[in-house]
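Asker: Take a look at the letters that make up each chain.
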Amino acid sequence: MLFVRPARLSDLDELERMARAAQPVLHSLPRDRRTLETRVALSEDSFRAEVDFPGEEFYLFVMEDAKTGTLCGTSSIVASAGYSEPFYAFRNDALIHASRELKVNRKIHALTMSHELTGKSRLTGFYIDPSLRTPEGEAAAHLLSRARMMYVAANRKRFSSEVFSLMLGVTDDAGVSPFWEAVGRKFFGRDFEQVDMESGGRSRTFIAEVMPTYPLYVPLLPGEAQRVLGEPNRRTLLAYDIHLEEGFEPDRFVDIFDAGPVLTIAVDKSASASSGEWRPVRDGAGGNGAAHLVAVGGAHEFRCVVAELTGTRADGAALSADARGALGVAEKDTVRCVPLHQASGELQ
Amino acid sequence: MIVVRCVQPGDVDALVALAQETGPGLTTFKPDRGALAARVERARRTLANDAQPFEAGYFFVMEDTATGDVAGVCGIETEVGLEQPFYNYRVATVVHASQDLGVWTRMSLLNISHDLTGYAEVCSLFLSPRYRTAGVGGLLSRSRFMFIAQFRDRFPQRLCAELRGHFDENGESPFWNAVGSHFYQIHFNEADYLSSHGKKSFLAELMPRYPVYLDLLPDSAQQAVGVTHRDTAPARKMLEAEGLRYENHVDIFDAGPVLECHIADLRTVRESALASVRIGEREAQEGEAKSLVSNTSLGDFRCGATAGAVVDGAFLLTAGEAAALRVEEGDTVRVLTAQPRAK
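So the protein sequences, as listed, match chains A and B. So the first sequence is numbered by the numbering used here: it starts at 1 and just counts up by one. So the second sequence is numbered by the numbering used here: it starts at 1 and just counts up by one.
Treat the hints loosely; a few may be bogus.
Straight-line alpha carbon distances no greater than 30 Å define the calculated DSBU-like cross-link-like pairs of lysine-lysine that follow [stated by the list, open to error]:
#1 A/107 to B/200
#2 B/199 to A/107
#3 A/67 to A/332
#4 B/200 to B/30
#5 A/103 to B/30
#6 A/103 to B/200
#7 B/237 to B/200
#8 A/269 to A/157
#9 A/332 to A/157
#10 A/120 to A/269
#11 A/103 to B/199
#12 B/237 to B/30
#13 A/120 to A/157
#14 B/199 to B/30
#15 B/290 to B/237
What the hints contain is simulated information worked out from the structure, not anything from laboratory work. Bear in mind that the values here come from a model prediction, so they are computed numbers and not experimental data.
Start from the sequences and build out the full structure, keeping to the hints where you can.
Answerer: Structure (structure tokens):
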């Protein structure tokens, strides 16, 4: 039974193991043990803190196999993106170029450096063990990704009313981003990874400040760069779909480095907030019903699993002993349940 | 003698005939009788001090006085951009740098500019292919600087000249294809036609309003910026010899260079001098350099080229030359003495 919970300092060994395996390197999961420790400590403090509005909190979740105690994934939430510095994204604006005299009316898109996402809560740091990147592991990926929104929905004060998530942009077989080649490279003359490394682990903001200050006209970019604008990387298609299931939508924003899509959601309209219901726990065998995200706990303690539930709220949540164990609940406790897939979702 | 003179109302027929020699491509001088008559009338009003500043402009024709054949035209606009805005791109430099990242990148940015508003502009030069022999094109072009030197107070401080930009072997403008075409979806020739028919500022309003990073454009477009059309290279050389320079302004459509300078720095303004006319005989010598000579009349300005130099404040003209320039013994002429040929 897999379940998601906040990371603890005692997870450091396991986290380090995953950090070393993660490809590409995740900013939320640094390979350096001391840096990693700082991140986990910040996360523990964040979960512990009494928070009235989002600040510099950082929440790191891990997915644990209850049977073996090993960890098999991480995901995280930055409570306020760019808390102490601006968070940059390109906003894809439509400009109308019209002339009555010449009977011309053209819509031209231009990418403008925007700080609009600054201060919004951001989902990040998704890493799942390679052994779970199979069709059977799909439910685990849903759990690991969407447990974050279950936490957000249960702790509204800790997060902004709108949440976003940045998807990896398109790269070719050699890992080269056509967008970076057409834009970033012109400003840096180097590979993105190299710039990222040379920034000495500083924020992306730091790098962004060397990027173009004036809008970039999309039609003037090379065709290859235009084609990948707002397109998710093949490797993140599942993550992309999972976000759509939650209710995220592609917005006008793209990443400034690889033009990967920025997905946004109003928390009110997220599946976790709008289609969740509290159900009392019942003893049950599990299975046969529809898959649900089942979560328990408030701000400080939090656990989430995927379980199959039948019936309605009145029928309660029949959970197997494993599930109850993973959640740390007993009969008559209440759990929050959200269908994993939207009934009307055309994405299923 | 071949002279360049101010256009006269009676020249319209000859202008229409001359314009028929232009063929496709050159769009500023078309056999359009109405437009040509209006241009002649505008020049007349300018000379008569009867034109508003925004419309003031001079127009000259080149005539072979032996035959009365009108074989070339050229013009000067007194102050551009006072009615429809005068658009250019200014090629600006921006440096994106971060010491901590070890980055220092110099980039070029194209900014829409009206910097040249109020400049005088030398323009509309066309010489019949029948007369494209040594020195004639130079006379036609440089006669304008003689006019400016003589009537300095009729002009502002600065002057510019727009030159046609680079076109590839297929007659396509790589700059237009990389920039302008996306904003209009019409062919360069169509834009050029509209532009020469007073629609340039309408077109300009459709152009990118934000600066364009030159370095992000295709190489072929980058390389066309500030580059002169093959056929215009001699004109550029002549203007540069006169003192005009490329100062990072280019055309918004084909990125052809705009050359500019302070009028006070024009070679003709600095070096031409007044002299009194002496009429006499002179033996022509093979290959001798020619000086530019003009009269000092505003309404009947005439400029020609002949051998000789100012000696003791006087310049020797043959009787035929004096007649062609409409001057008599003792009249004042302006002379730009031929420079010795570079060795």
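Asker: For a C-alpha distance cap of 30 Å, please report whether residue 290 of chain B and residue 237 of chain B respect it.
Answerer: With Cα atoms ~18 Å apart, residue 290 of chain B and residue 237 of chain B stay inside 30 Å; holds.
Asker: Does the structure keep residue 199 of chain B and residue 30 of chain B at a Cα separation of 30 Å or less?
Answerer: Status holds; Cα separation ~16 Å.
Asker: CA of residue 107 of chain A to CA of residue 200 of chain B, is that 30 Å or under?
Answerer: holds (20 Å)
Asker: Given the proposed pairing of residue 237 of chain B with residue 200 of chain B, does the C-alpha separation stay at or below 30 Å?
Answerer: Holds: residue 237 of chain B and residue 200 of chain B sit about 27 Å apart, inside 30 Å.
Asker: Quickly compare the C-alpha distance for residue 237 of chain B and residue 30 of chain B to 30 Å and report which way the hint goes.
Answerer: holds (26 Å)
Asker: Take a quick look at whether residue 120 of chain A and residue 269 of chain A sit within 30 Å of each other, Cα to Cα.
Answerer: Since the Cα atoms of residue 120 of chain A and residue 269 of chain A sit roughly 16 Å apart, the hinted pair holds (cutoff 30 Å).
Asker: Given the hinted pair residue 67 of chain A and residue 332 of chain A, is their alpha-carbon gap at most 30 Å?
Answerer: Measuring from Cα to Cα gives roughly 24 Å; hence the hint holds.
Asker: Need the status of pair residue 103 of chain A, residue 199 of chain B: alpha-carbon distance at most 30 Å?
Answerer: At roughly 12 Å apart (the allowed maximum being 30 Å), residue 199 of chain B and residue 103 of chain A satisfy the hint.
Asker: Take the C-alpha atoms of residue 199 of chain B and residue 107 of chain A, compute the straight-line distance between them, and say whether it is at most 30 Å.
Answerer: holds (21 Å)
Asker: Holds or violated: residue 120 of chain A and residue 157 of chain A, Cα atoms, limit 30 Å.
Answerer: holds (13 Å)
Asker: Holds or violated: are the alpha carbons of residue 103 of chain A and residue 30 of chain B at most 30 Å from each other?
Answerer: Roughly 25 Å separates the two Cα atoms, so the pair holds.
Asker: Does residue 157 of chain A sit within 30 Å of residue 332 of chain A, going by the straight-line distance between their CA atoms?
Answerer: holds (27 Å)
Hint violations for this structure: none, all hints satisfied.
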